[in-house]
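Undergrad: My request is simple: use the sequences and hints to build the entire structure.
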Amino acid sequence: MKLSITRIGAIASKEFLHLRRDRLTGGMIAGIPIMMTLLFGFAINQDVRHLHAGLADLANTQASRALAADVVATQVVDIVEHRATAAELEELLVRGRISVGLVIPADFERRLAGSGRPIAQLLVDGGDPIVLGAARGLAGMPIPGAAASRSAEPFAVRAYFNPERRSSIHIVPGLCGVILTLTMTLFTSIAIVREREHGNLELLITTPVQTLELMVGKIVPYVLIGYLQVALVLTLGAVLFEVPFRGAVLDLVVGAGVFVAATLTLGLFISTVATTQFQAFQLTFVTFLPQMLLSGFMFPFDGMPRPAQILAEGFPLTHFVRIVRAIVLRGADLEQLRPEIWPLGVFFVIAMSLAMLRFRKRLD
Amino acid sequence: MQTELTPPNGASAEPAIRTHGLTRRFGDLVAVDKIDLTVPRQRIFGFLGPNGSGKSTTIRMLCGLLLPSEGSAEVLGLDPSRDAEALRTRIGYMTQRFSLYEDLSVVENLRFLAQIHSMTRDRRKTRVDEQLARFDLAVRADQLAGTLSGGQKQRLALAAATLHEPELLFLDEPTSAVDPQSRRDFWETLFDLVDQGATILVSTHFMDEAERCHELAILDEGRLVASGEPQELMAAIDAAVIEIEAQRSREASKQLETLPYVQSVAQLGNRLHALVDSNLEEPAARLQHALAEAGLEARCRETTANLEDVFVAATRDRPEASP
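First to last, the sequence lines map onto chains A and B.
Counting from 1, position 77 in the first sequence corresponds to residue 90 in the numbering used here; the numbering is continuous, with no gaps.
Counting from 1, position 9 in the second sequence corresponds to residue 216 in the numbering used here; the numbering is continuous, with no gaps.
Calculated directly from the structure, the hints in this document are not laboratory data.
It cannot be assumed that every hint is accurate.
What the hints assert, rightly or not - Each computed DSS-like pair below joins lysine-lysine, with the alpha-carbon atoms no more than 30 Å apart:
| hint | chain 1 | residue 1 | chain 2 | residue 2 |
| --- | --- | --- | --- | --- |
| 1 | A | LYS15 | B | LYS332 |
| 2 | A | LYS374 | A | LYS15 |
| 3 | A | LYS374 | B | LYS332 |
| 4 | B | LYS360 | A | LYS374 |
| 5 | A | LYS374 | B | LYS241 |
Unchecked claim - Among the chain B residues that face chain A by a calculated CB cut under 8 Å, a handful are:
| hint | residue |
| --- | --- |
| 6 | ALA291 |
| 7 | ARG295 |
| 8 | PHE413 |
Because the structure is a prediction, the values reported are computed rather than measured.
The beta-carbon is built from N, C-alpha and C at its ideal position, and this holds for glycine as well.
TA: Laid out in structure tokens, this is it:
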């Protein structure tokens, strides 16, 4: 039998009617993005700003004091302790008094003038990956031994001044993905279970509607809702946190579309596994939490152990976090993001196939 | 016993449904046990049986919603386990539980199903309007289905099941949650549908509904224990029916149940209704005598069987049967 656009349309417009009747779910479409953007935006902002820092300025020259002032001006750190030696800063780190220590060596001026060696040293509490990430961003790179100061400019600090290193800017685009993962999976995971629980499914499967029509009809409305959420988060991000949008909107439309489709089919698959709405909720969170934690949204992907990275490559969110950050923050185009797009397509096909295999137009 | 009836004038000679040894097991439970059935066209065919007798399971197999464990079925010339998709455009199914969308309005539900049945835009509008008018739902068109009364929900469910004008309609206990007047109206509609050419298979546990069917199949614990026209079944009952008027009817009832040739006793107000083995001679006199011996005064007389008697006689072989 041929696929019928009319029947897909019937399912899709029915889903919209359900949403219109269900005020709470409808409210969640806008409520979750707004709430999470505010929460994450402000919370993460406070976290990476005003980190307690210690300073050991062994040079104590005008230039070294200027460097320390520049570092403070980033607002990432507040210098709360002044010490005479690096060893003392280490001790403060061990005690947890400070998260970051800035050591400006006695030969600072010479290093600054020269080109072979790093100009300053950052001691960072590596136990907290967010601090580490923030400090890495702060320093740009001044790890001893790295190809350091090519000129007299304190470029390490300037790298931090780059707005892209500000965490809300980093967080908000990724947040689009997190929100979509949560809401999209949740909405579709209950979509079929709800029909089964309410007894509607027995009627529906006695009609000529085909499995693929039902599946496609179920996800179409949410793709649109997904776009709405992306627009909402990025607008809020732009207004509240000055998140720029450097790439092409059309690129994001394509990238988000593939990602949303992949996430929705994950929900559909859950819906064919779960027998009650409560189970569907649980399964959704079981798939959501690892994605949020391992996708590179919360913690730097490079900092994760290899097995976690391999696992995370299988998550849609991992790829979307890279896509959205690249497009929004770095102005990347789709051509450059191909390695992130195709895994989402593969995920979509596999999840859809599994959902269709599991869903039968029968009761046994 | 299975009865082949001559179809009414104008109806196709090919039956709407024919099953052969249809069986369905759920684990160890045999829900439907080797049912042979022939449902002629343009008839209301009733499935009478207690809850758990296999009525719903049989209907679901005939709709292609469940696969038979054994045996075969032919519905409108198709095999429901293989040609389910082709069959689904030609049958209507009204589930036991209200299965339309409660958060959609009456008209939204109907429009949705009209679209699912791939009707053209014009056709959709015509059919939805026709069904709203026919089932007296026009004034409720914009009301949410979940807020309808039992009778209104049932009318909506039937309107939905017949929206695409199916040749064969399956109704699974359609009147369970409905008042008597609504039930009468509902049955009037069913006869109208049959007049227009439809065949209806309806399951019920109400005797008065069963009596309205052209033909009946009595199911018990998954088995077909009797079938035929209601009148035939009542005439062919394998028991004598005795009506007893007794002063102390409860005691009389208990006394009668101890007699080996009494199959069952039912109390109807002050009277008792007993089924007695048909090979017993002068059963009324025997009962009266037996009661007198127990010191109970009673008047016994033989009467004609009703459908409930048929049902009780047909299912008596398994007294442990739980309802």
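Undergrad: So, for every hint listed, does it hold in this structure?
TA: Verification of the supplied hints:
A distance of roughly 23 Å separates the Cα atoms of A:LYS15 and B:LYS332; the hinted pair therefore holds under the 30 Å criterion. This hinted pair checks out: A:LYS374 and A:LYS15 have alpha carbons roughly 17 Å apart, not beyond 30 Å. Of the pairs offered as hints, the one joining A:LYS374 and B:LYS332 holds, with about 28 Å between alpha carbons and a cut-off of 30 Å not exceeded. Taken as a hint, the B:LYS360 and A:LYS374 pair is honoured in the structure, with Cα atoms around 25 Å apart against an allowance of 30 Å.
Of the supplied pair hints, the one linking A:LYS374 and B:LYS241 holds, its CA atoms being roughly 24 Å apart against a limit of 30 Å. With its C-beta approaching chain A no nearer than about 7 Å, B:ALA291 sits inside the 8 Å limit, and its interface hint holds. A cut of 8 Å between beta carbons decides the hint on B:ARG295: the least distance to chain A is about 5 Å, and the hint holds. The closest approach between the C-beta of B:PHE413 and any C-beta of chain A is roughly 22 Å, which is over the 8 Å cut-off, so the hint fails.
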